[in-house]
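Enquirer: The residues making up each chain are set out below.
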Amino acid sequence: MGKKKSEVYSVEVNGIKDIETTDEGDGKEKYRGLKNHLGYKKEHQKEELKKELDLDDHKLSTKELEDKYGTNIIQGLTSTKAAEILAQDGPNALSPPKETSEIIKFLKQMVGGFSILLWAGAVLCWIAYGIQFSKDKSASLDNVFLGVVLALVVIFTGIFAYYQEAKSTNIIASFSKMIPRQALVIRDGEKREIPAEQLVVGDIVEIKGGDQIPADIRILASHGCKVDNSSLTGESEPQSRSCDFTHENPLETKNIGFYSTTCLEGTATGMVINTGDRTIIGRIASLASGVGNEKTPIAIEIEHFVHIVAGVAVSIGVIFFIIAVSMKYPVLESVIFLIGIIVANVPEGLLAAVTVSLSLTAKRMAKKNCLVKNLEAVETLGSTSIICSDKTGTLTQNRMTVAHLWFDNQIYQADTSEDQNAQIFDQSSATWASLSKIVTLCNRAEFRPGQESVPIMKKIVVGDASETALLKFSEVIMGDVMERRKRNRKVAEIPFNSTNKFQLSIHETEDPDDKRFLLVMKGAPERILEKCSTIMIHGQEQPLDESTAAAFQTAYMELGGLGERVLGFCHLYLPEDEFPDTYPFDVETMNFPTSDLCFVGLLSLIDPPRSTVPDAVTKCRSAGIKVIMVTGDHPITAKAIARSVGIISANSETVEDIAKRLNVPVEQVNKREAKAAVVNGMELKEMSPEQLDEVLINHTEIVFARTSPQQKLIIVEGCQRQIPSIALAYEKAESDIMNRKPRHKKKDRLVNQQLALYSYLHIGILQSLGAFLAYFTVYAEQGFKPARLIFLRSEWEDDNINDLEDSYGQEWTRYQRKYLEWIGYTAFFVAIMVQQIADLIIRKTRRNSIFQQGLFRNKVVWVGIVSQIIIALILSFGFGSIAALNFTTLRVQYWFVAVPYAIVIWLYDELRKLLIRRYPGSWWDKNMYY
Amino acid sequence: MAALQEKKTCSQRMEEFRHYCWNPDTGQMLGRTLSKWVWISLYYVAFYVVMSGLFALAIYTLMWTIDPYTPDYQDQLKSPGVTLRPDVYGERGLQIFYNVSDNTSWKDLTQTLHTFLSAYSPEAQEENINCSSGQYFIQKEFHAPNHTKFSCKFTADMLQNCSGLTDHNFGFEEGKPCFIIKMNRIVNFLPSNNNTAPRVDCTFLEKDHKDFKPLEVDYYPSNGTFSLHYFPYYGKKAQPHYSNPLVAAKFLNIPKNKEVIIVCKIIAENVSFDNPHDPYEGKVEFKLKIQK
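Protein sequence lines correspond, in order, to chains A and B. Take the first sequence: its letters are residues 2 to 931, numbered as in our numbering. Take the second sequence: its letters are residues 2 to 293, numbered as in our numbering.
One chain only, chain A, in its complex shape:
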């Protein structure tokens, strides 16, 4: 386990909207990380880049390369030539990302979306005051205060959102850290260390284990060179690099090393064939950045909502302005009236509410190890309809683990869970004793010292992934491996190499009476079997006959079919007489037998799925989210993992499976019958976008294997083209979002026509009737019956009438009337407040009855309701009532006037929901369901 596991998953949302690519960071950045940082390439370039690389340097011979790049593989470039090329191509560095300055980011938060409407309101308020002030120096400051409040709301929510975002982005490691700093280059015939930025095409560079590859290079010579391409592909499995041309695809061939990837071991010499932005990683960087220009769904929704609200506010404002003017109000007063209506219609609190609830959600997600980079991403996750997941490290534990064993003609299953503490296979067999010895001894991996207190599974190991797996496996089962190795001193060893395909070591035995040497060997099963003449069954050596060989084949195929990497193990006790104590073992001449060995067993390794993944996949499925696996891994492994985590469910088949079952060629199978599909990177390369769409639409369970980074983007875009054919359905919202279908980006608007109509023309009307009832009640009980009020306004507002008669013949001064009016206002406000409680409760569900939903499941709602009532009480009673806002104390009964109307609102909505449930698809459903 060379990698340390980071506990934080980062969810990239700026870049890919519907698609959540989770990936396990390992301190280095994966290519997705580039999206944020590099955002400058133009659209048309993207299309070009998206095509697979047309690189043919890997096909050329050394000579051809020398000619092409005008270099010499021994002498390297001359300094002058290099300087020339450097001047022409520019430095070997990725173009720095165009960082938006902090000020711009901040200002964006300040003026984005809703804020602009609020700013407009604030400015209008100030203008209104300006006009008033110019007319009358003693004009009241009400409008100034309102403007200030509006501005403060915007500024505070802006600062809050900015702070939240800045906090999250800080956590993201900088991309620039992954770029190599120095390179060992041959120029003018001598080796020298130069900054990696100065490399040019044609330079001959040398790399060794631990280096980052300083540019895209064509390998000219290699000694056991292995690279980790995870920065490019996400797959951390070491890949060997040699000068052989092994694959048409430049990304697959072994003789190309890529900029920013790491050389794990060995050395290599290579010729620089691409530098800077022209390297693969450079192209991906700009490619990926191109994906991120989309607005997040919540931003789109809020914008849509702002349009509706602004439209309604402005039109109502204008209508009332016209009415006011025609009622002979002075124009200035009418303008203030207009502003008042617009400001009143703008939900000032929404911005803050959205920000707060998003950041609360983000916090909650952070607790579950999910880092949200961008606040708006939270909602985006809610409308996720497809998740494209990487395999390694996301679905799997990102470490090889022993999954199965085969000995004594039987397959045993090993525990692959994260801690492996439940190994349940039969360990009593003598064969297992031998096998365990081989596993322990024929292994070069070691624990790094000083980790005694660390649990075995978390210990850091020096060695490759398979050996690490075997080491930990034997440590878990048998305890102190290092001690055991000491007792069985190693006298000779041949490490694994790709030509031999086996690993061998010779040990003294721990039994002091047994002077024989033990030769242990592991490797590719077929190669191991070739070298064996006997097989151990229940501790007894038996000749390897046809039937045992067949049994071996079956087991091998079965384990291979599970996508597991199978290793064979064999041993041989060297006869004491031929190989005495002092026998000089020579690994070069191989002066010891490597045939007629005794076959002991097979072990198969896999990167097992995380134990939480199958459940997560099921949950996503049940929520209507399609889960697609995208991996650079082999199709068989990919499919096996997909099956084990439920991405391909147990009973669904691919086209190939059907063909196999029916025993017909693949072409004859009706593709529609196959629920699942495994698409190979090579197939994908041949596909047109239409064909890809077809795959994405026709199959519910899809695995993409052997994909290159470019193809990952093609897949993502393919997914984004799909409009999922699902709509919002039955809810039990509020408490468990996972039971809700993902929101359909285009159809399920946050605010749609039905909701707007229902709010303004149904509930809104009901509320205003309830509020007017309270208003009329106040007036009537104080002396002005409704009949008297009609057409009374001009007299009522006349400052020169101080003996206005009410319904009882009483006479009122202007101030007495004014104060009564304020009581009316307060009663109106309180009535709205009371009805808003009903409004809040009915909006808990869209379809289900409140009785089905339950009133008390969401306790926070009640906190909200109570605080709303308290605020109203303070406004009315507190501070001896607030004169500036024209609030007055109210007689207790006026607080309850609107209660019947609140009940009416609730009953009406229950009726609406009942009919929607009763008659789905009806006229009612279409018009009343929002």
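Derived from the structure by calculation, the hints contain no laboratory data. Some hints here could point you the wrong way.
To be verified - Computed cross-link-like contacts, DSS-like style, restricted to lysine-lysine with a CA-CA straight-line distance of at most 25 Å:
{"no.": "1", "chain 1": "B", "residue 1": "LYS141", "chain 2": "A", "residue 2": "LYS819"}
{"no.": "2", "chain 1": "B", "residue 1": "LYS37", "chain 2": "A", "residue 2": "LYS927"}
{"no.": "3", "chain 1": "B", "residue 1": "LYS79", "chain 2": "A", "residue 2": "LYS786"}
{"no.": "4", "chain 1": "B", "residue 1": "LYS237", "chain 2": "A", "residue 2": "LYS786"}
{"no.": "5", "chain 1": "A", "residue 1": "LYS819", "chain 2": "A", "residue 2": "LYS786"}
{"no.": "6", "chain 1": "A", "residue 1": "LYS138", "chain 2": "B", "residue 2": "LYS288"}
{"no.": "7", "chain 1": "B", "residue 1": "LYS214", "chain 2": "B", "residue 2": "LYS141"}
{"no.": "8", "chain 1": "A", "residue 1": "LYS786", "chain 2": "B", "residue 2": "LYS238"}
{"no.": "9", "chain 1": "B", "residue 1": "LYS214", "chain 2": "B", "residue 2": "LYS288"}
To be verified - Some but not every residue of chain A turned toward chain B, in silico, with C-beta under 8 Å:
{"no.": "10", "residue": "GLN240"}
{"no.": "11", "residue": "SER243"}
{"no.": "12", "residue": "GLN783"}
{"no.": "13", "residue": "TYR809"}
{"no.": "14", "residue": "GLU812"}
{"no.": "15", "residue": "TRP813"}
In this text, all values refer to a predicted model and were calculated from it rather than measured experimentally. No residue lacks a Cβ here, since even glycine has one placed at the ideal position from N, Cα and C.
Assemble chain B onto chain A, guided by the hints.
Expert: Same frame as chain A, but now just chain B:
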């Protein structure tokens, strides 16, 4: 992704809008077909009819709970307002400016008084009874015709020199004008608890006129009192012919060619004149300027 990033041109938008207004393929206008429009309109008509009915019912219930004779609450009417006749308002409050020698400048003022007093003619007061008790006229029962309560007569002649009967010009011509002070009606209001009749007291506003001689006033009826038998008022329904008692104040020593501020207060136990918000509660203030 491409689908989401589409940028529409203006003409496309116009075209879309036109399509929205009238879609020839589906016969939809503004997103609905004609029949759908009819249905939705019918629904809204029905909905609003029901809602109006509900509201009417609520108002009806409200009216049903309300006493027709006495208002439920008189939270704002603790103390009556006071008004002045003639009432000419300037920028800030009452302001009566006139020129003695220019009779057009006060003709309107006296006309206002005549009009105002026409409601106090004997004919207008015919339905009311004569009272002279000087005590509160408490009526528990409805003994007057048509199930009403009696109201006391107040006729213009009670204002004597300011009745407009003897001096048709209310003293305006001679620079000693009459002003009529009226106290607002409040149902069941008793000016005092101890049988002291409320009295009008007019003075120059002190702080502005320290150097003046005190204002000399003739009050009609004598002493400037509102006789207690006009109280309490039982409301429009119980006393349909009730008319407020009046007090006339004739100012005798108004300096000429000078703007003065006069305040007339009602002196009574239950009348307050110190509400800072309401300039007309328990008092009336006015500017007067008589030119010569």
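Enquirer: A separate judgement is required for each hint: does it hold in the structure or not?
Expert: Hint check:
1. For the hint linking LYS141 (chain B) to LYS819 (chain A), the alpha-carbon distance of about 33 Å lies beyond 25 Å, and the restraint is violated.
2. The straight-line distance between the Cα atoms of LYS37 (chain B) and LYS927 (chain A) is roughly 11 Å, inside the 25 Å bound, and the hint therefore holds.
3. Between LYS79 (chain B) and LYS786 (chain A) the CA atoms are separated by roughly 20 Å; this keeps the pair inside 25 Å, and the hint holds.
4. A threshold of 25 Å between alpha carbons decides the hint, and for LYS237 (chain B) with LYS786 (chain A) the separation of about 13 Å falls inside it, so the pair holds.
5. Restraint check: the Cα-Cα separation between LYS819 (chain A) and LYS786 (chain A) comes to about 16 Å, which is no more than 25 Å; the hinted pair holds.
6. Between LYS138 (chain A) and LYS288 (chain B), the direct Cα distance comes to roughly 23 Å. Compliance with the 25 Å bound is thereby established for this hinted pair.
7. A hinted pair counts as satisfied when its Cα atoms are at most 25 Å apart, and LYS214 (chain B) with LYS141 (chain B) does not qualify at roughly 48 Å.
8. About 14 Å separates the Cα atoms of LYS786 (chain A) and LYS238 (chain B), which keeps this hinted pair within 25 Å; it holds.
9. At roughly 17 Å between alpha-carbon atoms, LYS214 (chain B) and LYS288 (chain B) fall within 25 Å of each other, so this suggested pair holds.
10. Violation of the interface hint for GLN240 (chain A) is found here, the shortest Cβ-Cβ separation to chain B being roughly 32 Å, above the 8 Å cut-off.
11. Because the closest C-beta pair between SER243 (chain A) and chain B is about 39 Å apart, greater than 8 Å, the hint is violated.
12. Taking 8 Å as the C-beta contact cut-off toward chain B, the hint placing GLN783 (chain A) at the interface holds, the least distance being around 5 Å.
13. At its closest, the beta carbon of TYR809 (chain A) sits 5 Å from a beta carbon of chain B; the interface hint therefore holds under the 8 Å criterion.
14. Because the beta carbon of GLU812 (chain A) sits about 4 Å from the nearest beta carbon in chain B, less than 8 Å, this interface hint is met.
15. Among the interface hints, the one on TRP813 (chain A) holds; its C-beta lies about 7 Å from the nearest C-beta in chain B, closer than the 8 Å criterion.
Checked against the numbered hints given earlier, the structure breaks hints 1, 7, 10, 11 and satisfies all the rest.
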